[in-house]
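Participant: Quick note: the sequence shown, position 23, residue 23 per the working numbering, numbers continuous.
Possibly wrong hints are sitting among the right ones.
Computed beta-carbon distance windows for the label pairs [as the list claims (entries may be wrong)]:
1. D4 / R44: 12 to 20 angstroms
2. P25 / R59: 13 to 21 angstroms
3. L23 / K55: 18 to 26 angstroms
No wet-lab data here; the hints were simulated from the structure.
For each residue, glycine too, the CB sits at the ideal point set by N, CA and C.
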Amino acid sequence: MSGDDEFRQIQQVTERLIVRYPLVPPEDITRAVHGVYSRFATSRVRDFVPLLVEKAVKRELSEPTILDSVLPPAIPEVGR
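Using the sequences and the hints given, assemble the complete structure.
Facilitator: Structure, rendered in structure tokens:
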């Protein structure tokens with residue numbers, strides 16, 4: 001799988017999760033996906049990374065108390 005394919009699949013994972021969990025702010029879902037995805041940064045086998053990311057984030061969204069430990073801190077917006 002090329003890096004472009006993987007990036008596209010991660011975007012699709014994010015979009016699916018936003019639709020599936022409408023009560024969770026999209027920004028939180030995006031941060032959760034990127035947080036979990038970063039855990040696989042050094043993985044040599046990349047074929048299943050998007051699937052593993054989606055499963056992990058679904059599990060975390062099903063247990064909201066865990067979500068806080070996974071989300072990287074929000075980046076403050078400058079100029080507001």
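Participant: If you test the structure against every hint from before, which numbers come out violated?
Facilitator: none
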